[in-house]
Amino acid sequence: MDWAKIIHDLFFDYTVRTVATGSTLLGIVSGVLGVFAMLRRQSLLGDTVSHAALPGVALAFLLLNSKAPLVLLLGAMTAGWLGMLALMAIVRNTRIKLDSAMALILSVFFGFGIVLLSYTQRLPDASQAGLNKFLFGQAATMLEADVITIGILGGIALLLVIVLWKEFKILSFDRDYAAGLGFPVGVLDILLTTLLVTAIVIGLQAVGVILMSAMVVAPAAAARQWSDRLWVIVVLSAGFGAFSGVSGVLISGTRTGLATGPTIVVIASTIALLSLLFAPNRGVIFTSFRDLKNKRTMRAETVIQSLYLLAKQHGDPQYPHAEAVLRTMSANPLSVKRSLKHLESNGLVANVHESRWALTAQGVLHVEKLVARRRFL
Amino acid sequence: MSLSQIEIQLIAIVTAAACTLPGVFLVLQRKTMLSDAISHTVLLGIVLAFFVVRDLASPLLILGAGLVGVLTVSLVAVIERTRLVKEDTAIGLVFTALFSIAIILISLYAGDIHLDVDAVLVGEIAFAPFDRFTVMGLDIGPKGLYVMGGILCINLAFILLFYKELKLTSFDAVLAASLGFAPGLLHYVLMGLVSVTVVGAFEVVGSVLVVALIVVPPATAYLITDRLNRMLFYSVAIGTVSAIGGYWLAFLLDVSISGSMVVVSGIIFTLVFIFAPERGLLSGIRNQRRQKITFALTMLAAHLLNHENTPIERSENRVESLGEHLRWSPSFAKKVLQEALRSETVYRYEDLLRLTDRGREMANQRFVQS
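So the protein lines, in turn, are chains B and R. Just so you know, we're using my numbering here: the first sequence kicks off at 1 and counts up by one. Just so you know, we're using my numbering here: the second sequence kicks off at 1 and counts up by one.
Keep in mind that the hints are not guaranteed to be accurate.
As the list claims (entries may be wrong) - If you only want the chain R side, here are some residues facing chain B, beta carbon under 10 Å, derived:
{"hint": "1", "residue": "30"}
{"hint": "2", "residue": "94"}
{"hint": "3", "residue": "206"}
{"hint": "4", "residue": "220"}
{"hint": "5", "residue": "275"}
{"hint": "6", "residue": "276"}
{"hint": "7", "residue": "279"}
Bear in mind the hints are in silico, worked out from the structure with no lab data behind them. The beta-carbon is built from N, C-alpha and C at its ideal position, and this holds for glycine as well.
Chain R on its own, in the form it takes in the complex:
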């Protein structure tokens, strides 16, 4: 590995981690589309700040972007509070308008700004190592690494300091408010951090793909765990794997690195979506099937109990007539019967089925409960 390869991977990992940390809370608070909106509107902040400072390298640009990010969230909140439109419509109204104003400003003063809209929306991490950070003439590494490292530290510090408050607001905002916390203030600070993170990550991966780094790892982790601290940890881990995996995928296929990072995270999500132990697609199907069998077993026991020692027992509780009386298909009836014999809820007596003690208990319980 060459130095620049290592540097790119480091920047990718740090960026992924910085994005995914606030992302966890956005996913929990159902505010992820706000990050999509912010990822577009920060462009306006950059353009406006540029008009003031006239320098594309100025850190004030990040501040401007952060402010416009908060402005976006506030505007959405104001429109939503009128109750004239729903939240999704409000988001759609605000971010398209602000983004369009930014584009118009850029296109009107194109001579003054060397801001390529395509580059902002798409970004390319491969160029990140070329932008060096020098202190007193000494090259101490790529600038992107320091910017994203700083943002990562801020995000981490914020989450550690306000962990309890964030946890409470994410799961029960009303309780948080009634306990005297200020969920509104916390919300705006979080959104400000999201804006700053988005701007920082802009140059590295482009605006749309920032959304992927924010949303995909936490959404994946959400399918694996119920605990907030583990969700944070898994999210960072998934982000890191996506970053490294994406880099090497891009290296092998000679394609966009940031795009590949997102593709890898998408693949991880798909795998978890299908195979997750409790919340995955497969385990869902398995659970459903198991519940169906369990229910059928109870039905069988109840049916047998109902006709036990009655004159029609001979016709009702025959193995062959089960399917007809309980409206089961022959194959399903066979499966249930197997399971019933295996779990010793029934036993065969001549051509009849009889309840064992355990089966009788199960049927009785069922009747008492219902």
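Bound-form chain B, shown alone:
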């Protein structure tokens, strides 16, 4: 890879610059709104909305006979929005659960869209050509007009998030509490969902259904692992989304045939995977180390307490005992040796004679402190 050329293209090649700007903007907008979707357990809403938008695209084209981005966008938004309303109606009024309702809306709307698309294909002129690209998307063919649309609509969405920050925050974490405080939760619900629909629909055209589903989920899931503060998560998520967008565009440019959209998704997913593994405090690696350490401490403490119990029966807290005795008292006999070594390295017990162990003076103090703290024995 020729990095100098890549950087050069980023600033001076018209196509690369346009696509990179558009993908970055999309990454930011969907990253921010994805966090709220994740907190509200609506991560798969992106998938639902992006499929449900299809009949709107086809209908807008059929009724207005235009393929202008804004026309298709409005169609997609209307259909996506109707899909959301139908979803809410089903969940609220029947015993069908959210997941089934989502799959139902997603597939039925999509099926209706396919019917409409197959109808447009019968039209005598070839004007409908490329309509299905709207769904599968082609990031590489993004135009400046698309980027401007993304910029304006995404900007409005972000602005609303900033203005209604407090409301959205409380709505996402504790809807009932928000309602109790007198916030109009119904209106806020619909508003936040509408913003999400907007974010998804503006991205659809450029990058396709699957990519938009990923852009809503992956950056937010990654960002969540690094912090417990909402604003940090939102900023990080936007950053991850932007980074995936721009680096996906650049990497896919290095090789012909490497589709831009999927590359962006793979990068975003990799960031999410790395975050799940390595994030401090929450990550899998960190927590398993902590678990291991806790387990070792727990086992060592039972061993040292057993030793103390035994020794006290002899009237001398530093009376030595054989390792075999400690093993019979332990729930994990195999770990006793390791625990003793661990305690020894901390100067709490001493190997008095071959396999006989005794508490040190410091060890006695340690156990007595444990006993006092836990009212043990």
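With chain B's structure known, arrange chain R on it following the hints.
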């Protein structure tokens, strides 16, 4: 009807039935979005298996797809078990990643594979009869019919063999586990079958519409019945009606057949959603209204009882003052009064309302209960 028309309808019916049977359990177990995820990720299985066998007609492709389907479910389970993200987020992470890898592989080696992504996602049943199954040079019918027929038989056999276990896990997984069944194993087998079904149905109706065949009929049946065996039966029936109805709708309007099948199933769902006898929208509204009246009747009886034979009876229990004392609108008060007179809980005495024995009993009961 020409032979190919009959064949298309047969394939459509068999596909719908094969998809909807495992779908019933997915709906009950709240795992339907997994089928959506699988319907995308099986593409990766097909691509990878193709790299190994280099033959798009090989049955190994279905096996590969089945394995990736199970892999999808396992990955989701692993991520979910870390408790770092919720299940929906885990599903979203896994299926988009696997699907993207598949697309990248296809686009990188596009020269080697004649796999059209659009065709996979959309599919078209109209072409199914052209792909014939021949044994020793003898044409014995369309291949799709045999593939989906085989899958239908496997699904049916699985459900019949493990009916009790599936029923138990679907309604109470914890109880199933404590009784010594292996709900986890059963879950993975079910998901493997869903994957195989999805791949088989892929060529027939396309991946997204498979989800419709899996989810819509069971969700509809779920609104009609409380019994598992009836739910299975109704689901297959609804799937069959959608298949035949969809075919003829497509025939009349000259549009996509698989799309029309889904539209018909969507229409059936909408009708059931609105008109279902017990769980429909209308019966819900009716129930609510009836409960409101019943409650109002009890309120009226309690009010009358409360002021019976008291000095203020003349002012409290007057027909005209009911609305004011019970805070009812005049029209509602009138409706309640009509109902009260009709059900003989009260009777008119001059301009007063008095409780009948039945009304007094109702009011007393109400007081004892509360």
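Cross-check of the supplied hints:
1. Taking 10 Å as the C-beta cut-off, the interface hint given for residue 30 of chain R holds, the closest approach to chain B being about 5 Å.
2. Because the smallest distance between the Cβ of residue 94 of chain R and any Cβ of chain B comes to about 9 Å, under 10 Å, the interface hint for this residue holds.
3. Here the hint on residue 206 of chain R is kept, as its CB sits about 8 Å from the closest CB of chain B, short of 10 Å.
4. Here the hint on residue 220 of chain R is kept, as its CB sits about 9 Å from the closest CB of chain B, short of 10 Å.
5. A least Cβ separation of about 13 Å between residue 275 of chain R and chain B goes past the 10 Å threshold, and the interface hint is therefore violated.
6. Because the closest C-beta pair between residue 276 of chain R and chain B is about 8 Å apart, less than 10 Å, the hint holds.
7. The criterion of a C-beta within 10 Å of any C-beta in chain B is met by residue 279 of chain R, whose closest approach is roughly 6 Å, and the hint holds.
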